[in-house]
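> Here is how the chains run, residue by residue.
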Amino acid sequence: MRNLNAQTWAGVIILLFGVLILIQSFFYSYSSNLGPGPGMFPLWLSGILILLSIMHIVKSIKKEGGKLPRLLPKGNDLRKLLKILSALVGFTLLIPFVGFTIAGFIFLFILLSGEYKWYSNAMISIGVTALMFWVFNGLLSVPLPVNYFGF
Amino acid sequence: MNSLIQLLNGFETALTWWNLLYCLIGVSIGMLVGVMPGLGPTAGTAILLPITFGLEPVSAIIMLSGIFYGAMYGGTVTSVLINTPGEAASVITCIDGHQMAKQGRAGTALGIAAIGSFIGGTFAIIGLAFIGPPLANFALKFGPPEFFALMLLGLMMLLGLMGQSLLKGLIAAVIGLILSMVGMDPVSGTVRFSFHQLELMNGFDFVIIAMGLFGVSEILMGAENRSDSEKIPKIKGLLPKKDEWGPALKSIARGTGIGFFLGLIPGANAVIASLVSYSAEKKFAKNPSRFGKGAIEGVAGPETANNAYSGAALIPLFTLGLPSSPTVAVLLGAFIMHGLTPGPALFQDNANFVWAVIASMFIGNLLLLVMNLPLAGVWAKIALIPYKLLFPLILILSMVGAYSVNNSLWDVGTMIVFGVLGYFLKKLDFPLAPIVLTFVLGKSIESSFLQSLTISQDGFFIFFTRPISSVLIMITLLIIILSIFSGIKKKRSYLANDVEI
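Sequence order for the protein chains is A and B. Using our numbering, read the first sequence as starting at 1 and increasing by one per residue. Using our numbering, read the second sequence as starting at 1 and increasing by one per residue.
Watch out, some of these pointers could steer you wrong.
Below, simulated EDC-like cross-link-like pairs (lysine to aspartate or glutamate); rule was C-alpha separation at most 16 Å, straight line [unchecked claim]:
| no. | chain 1 | residue 1 | chain 2 | residue 2 |
| --- | --- | --- | --- | --- |
| 1 | B | Lys388 | A | Asp77 |
| 2 | A | Lys59 | B | Asp429 |
| 3 | B | Lys443 | B | Asp205 |
| 4 | A | Lys80 | A | Glu115 |
| 5 | B | Lys388 | A | Glu115 |
| 6 | A | Lys74 | B | Glu224 |
| 7 | A | Lys80 | B | Glu224 |
| 8 | A | Lys83 | B | Glu224 |
| 9 | B | Lys427 | A | Asp77 |
| 10 | A | Lys83 | A | Glu115 |
Rough simulated footprint, nothing fancy, chain B against chain A, three-plus residues with beta-carbon under 8 Å [said to hold, decoys possible]:
| no. | region |
| --- | --- |
| 11 | 9 to 21 |
| 12 | 44 to 58 |
| 13 | 74 to 81 |
| 14 | 101 to 114 |
| 15 | 131 to 145 |
Quick caveat, the hints were computed from the structure, so don't treat them as lab data. Beta carbons: idealized from backbone N, C-alpha and C, even for Gly.
The shape of chain B in the complex, shown without the other chains (with noise of 0.2 Å):
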């Protein structure tokens, strides 16, 4: 019951004019960005981030989970209509989707989709006000080997997850850990890797790795293979026909759950959540040869999955500060940087920002509801956009946002050469994501690594004697153990793909 009055409280806060503003901004822009190809949540998330510096952190952050969740709403308007999808969680709902819109059906699918979302998003919120504060709660008493065993137990999970192989994975992640270290060290003090550079000695801005990694070696990439878009259809018609709404209700139904359980799995991702799904549809099915011939299931459940899985992947984030995707950790990046550090204390010390920001959630998918029945044609023509005009555009953004961040060049200069380290990283099939990842959480894991080293009676045993961290480090040890000897590699090519644009 707590929690209902603190979300109400919450209420208060978000139902403020500019809040309302910023949340309206935020999805809007989410959905420019889930429309948009070639410009995906977390390049922007990373490229407006600075943008956010002068507000306060209530309106930053509702803002920028407006772009996060806004854009899985986003993506699907390309999937359906054009046959591209707009960010990588939406790619399954081209095959059905697109079918549907050929067959003058468009505005079915994008309905039955918007609705799913909705109520997807919705569910997986709720979840977050409920389940949050009693696992914050169960989290305060990790000390620091269970937050090293956790941390070390989501890197795991989303190695073993992803779509490259293994070892890519892991030289990622530990690249990514050491270029954490660059700068003043979390225990002592002492400065490392600056080589007598001045700027080196605060170390990396996320911010700056984020854009450069994510938004400007995807440009550097788009400069190939890019066509311009066919015409869309019409249309017309928002809701299924009368025998479709039990299946698709259904569908959804189980897309929320299979989403909301993904999201709080770290390392799992929307792209998994909608696939997951969309398999999971076609077995549930009477007949699966409907599907890829435009079944209404095959946009319901997938679009609804990647939907609860964004909301429910704020759980791990607010709870234990422990981000499940780029885009997550990128929202951990501007946690930081407005001073508030995700974690169990955070419903604790800043209960009325936590739950301001739940609520806003709940307007803001209120808002794209809106935004997506109505005017889902709108957006499709945004899509039209020409690429050739878009880059140079966002480019420019990214540069005086890079610049803005601490009003020096020398930001600038860095993000163009991680934006060229990306582009050869992606050509050369290494995984982007546990390099900002651990990136992120870098100084977390060598603090609570160093910490627990410090008040262990008997050294690395402390993280098997302890119940809880020999619990994860067990699991994590188990996830190592099988991603290298089963057949998960078999299985890891099917859920493949770069998931992290």
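Excised from the complex, chain A in its bound form (with noise of 0.2 Å):
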């Protein structure tokens, strides 16, 4: 089934979407006494969502032959963006153990790596760090989570 493209595929996943929200409409009334109740407006898009992904699915396969997008870059781009969004989830899982200042100069120096040497990287990681540290908990009042330290 190589030849199902991409475009098929999205539709496909946004089919299962519309049915998981189509299901779970039903779990909501349709109507109550003051008149439509809840259930009504997700039960409609759902079921519009169904129909028009279906539409989707018909008019890419049809289309089959024609160019499909590719969906991920190849070679040193692929590992360009690899290397962006483990920086982001990582930062995401180590902040509440190391703080903002620690997961944010390692998030910092793992993008700078490769483009500047080492000792400026490090030296832009630390500064936009600490400055972004110092805007938000100093001047803006947003706490950022922090290690136990307290930094």
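Using the hints, put the two standalone chains together into the complex.
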């Protein structure tokens, strides 16, 4: 089934999402004493979404042979993309344990590595993290997550 | 006359030193966002929205709208100097603007663009000040059926005017509506689609979705095909030649009209405004062959149009609560976050606030004129900040911003998920604008629909029996039929482009 293209897959995923919402919306009442209830809108919308996604799937299969959008880049670009994504996820997972300053430093250091020499990279990362910590914690009084030592 | 007095009162608020400062910060950030390719006004406004939490509502909106119209000025600089549009509305300026720069007339191109932008922007704000109040008054008569019909119309206009396929636009719109239903239902208070997750009970925050879909996804897209910019040409002589003033001012006048008119239409956007203006200039010109070779009208018209558009686009927002583009939707999100509801009642209930914001826009446009005429070269240098340094900074700022919305890491995670989602949707040519527009309007669409049915004696027919709503519904249907059957498809590919960045 290699010739099922990316558009078709997107359609299938949207279809499944629509079905999930449809099933879920049966749990909410369609009408209430006052008139229409909380279940009405989701039911109709998910129905429409299912219909639209089926139309999309049909259209995408018919168009076969046309240019498929390449979903992911190749080689170096893919590596860059994965680096950004893992840095984002890593930052989010790390921050509760090590606090903003350390997680932020690691985040920036990873993304800037390979672009700058390690010492200028370290200085930029430390500088930016410290500045942001000061601006948010100090100026804007948004308490950023801190570690055991309070930074 | 009443408007004039209130406007003067507005100036009183806008001219306090701190509001002036926020206005200055706003337009400067707008310029920055406009100048930097890879960060558009939508993402810029969304990322900075959380920072305004601590501010007074007036100051916050003054600053955020400064970003919105400031970005329209900024995009020009890079289009002219390095042939890279900083934001989508300035794409068309590259054609003649960069040619002018090559002929050593970069200063003139930037000068006329700044003058045109100032004139267009100022006229649009005057329009807002004088059309706004009567329109709001008229809209006060609207009941739920009218509002529902109006939102439906706005949405269909957006889908009809968009570059991509109608089907994909509709899918995106429905997904946005479904996302808006997560959490508490506006009418009965039932919690929906929370899947027993505590965090989902309150629904998604608009800022988080906007930052993910527009900010993070844009950065992920930037991982590929990014080239570093070329050298900037010298800027000298900001004013056009004597015999160029006439045609340039005429195109500025036309651009103002086109931009203003398109700003009033929900669903049109700044890109369409500049495109329409460019083709109008080409039609009006005595010698159209000059276009593409550095015609001054090709810079003056479109640049004026996109600024007139951005001022006029605030009219439907202020008077009807209807956002016409993703950036305006972010502004709407900002209003709601600061406890204000844009719509007909805004001019009555929060008169001071509205007029202060309007007054600040006059000031902001003046500030931008000063920033652009003598200082254009400085901004051009900023465009040369390497992207490899810029994007980690934008990302970490977005994450801290997302965190600060509710002080929760859940929001940061959600933003990343929507970033990835937005990345794939862009790759698959699904438009993102309908998702955020229906998301931000979702609760009002649903409640106005349900309220209409509740007060209705004969079910769905209420939308057709009330005069205003029936006219709106008819126009909506007409647009749907037109976009399906006529040759609009061909024209649409001309309007194409993902305009939302």
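> Decide if the proposed pair is consistent with the structure: Lys83 (chain A) and Glu224 (chain B), CA atoms, cutoff 16 Å inclusive.
12 Å, holds
> Has the given pair, Lys80 (chain A) with Glu224 (chain B), been kept, meaning a C-alpha gap of at most 16 Å?
Satisfied, since the Cα-Cα distance of roughly 8 Å is no more than 16 Å.
> Tell me if chain B covers the region 74 to 81 of chain A under the three-residue, 8 Å CB rule, please?
Our answer is that it holds, as 3 residues pass the Cβ test (under 8 Å) against chain B, meeting three.
> For the region 44 to 58 of chain A, count the residues whose Cβ lies under 8 Å from any Cβ of chain B; is that count three or more?
holds (count 8)
> According to a criterion of three or more residues whose C-beta lies within less than 8 Å of a C-beta of chain B, is the region 9 to 21 of chain A covered?
holds (count 4)
> Can the restraint linking Lys443 (chain B) and Asp205 (chain B) be considered satisfied, given a maximum Cα separation of 16 Å?
12 Å, holds
> Between the alpha carbons of Lys388 (chain B) and Glu115 (chain A), is the straight-line distance 16 Å or under?
Judged against 16 Å, a Cα distance of about 7 Å means the pair holds.
> Starting from Lys83 (chain A), check that the Cα of Glu115 (chain A) is at most 16 Å away, please.
Holds: Lys83 (chain A) and Glu115 (chain A) sit about 13 Å apart, inside 16 Å.
> Three or more residues of the region 131 to 145 of chain A near chain B by CB distance under 8 Å?
holds (count 8)
> Between Lys388 (chain B) and Asp77 (chain A), does the CA-CA distance stay at or below 16 Å?
13 Å, holds
> Does Glu115 (chain A) sit within 16 Å of Lys80 (chain A), going by the straight-line distance between their CA atoms?
Given pair Lys80 (chain A), Glu115 (chain A) holds - Cα atoms ~12 Å apart, limit 16 Å.
> What's the verdict on Lys74 (chain A) and Glu224 (chain B), does the C-alpha distance respect the 16 Å limit or exceed it?
Satisfied, since the Cα-Cα distance of roughly 9 Å is no more than 16 Å.
Violated hints are absent here; each numbered hint is respected by the structure.
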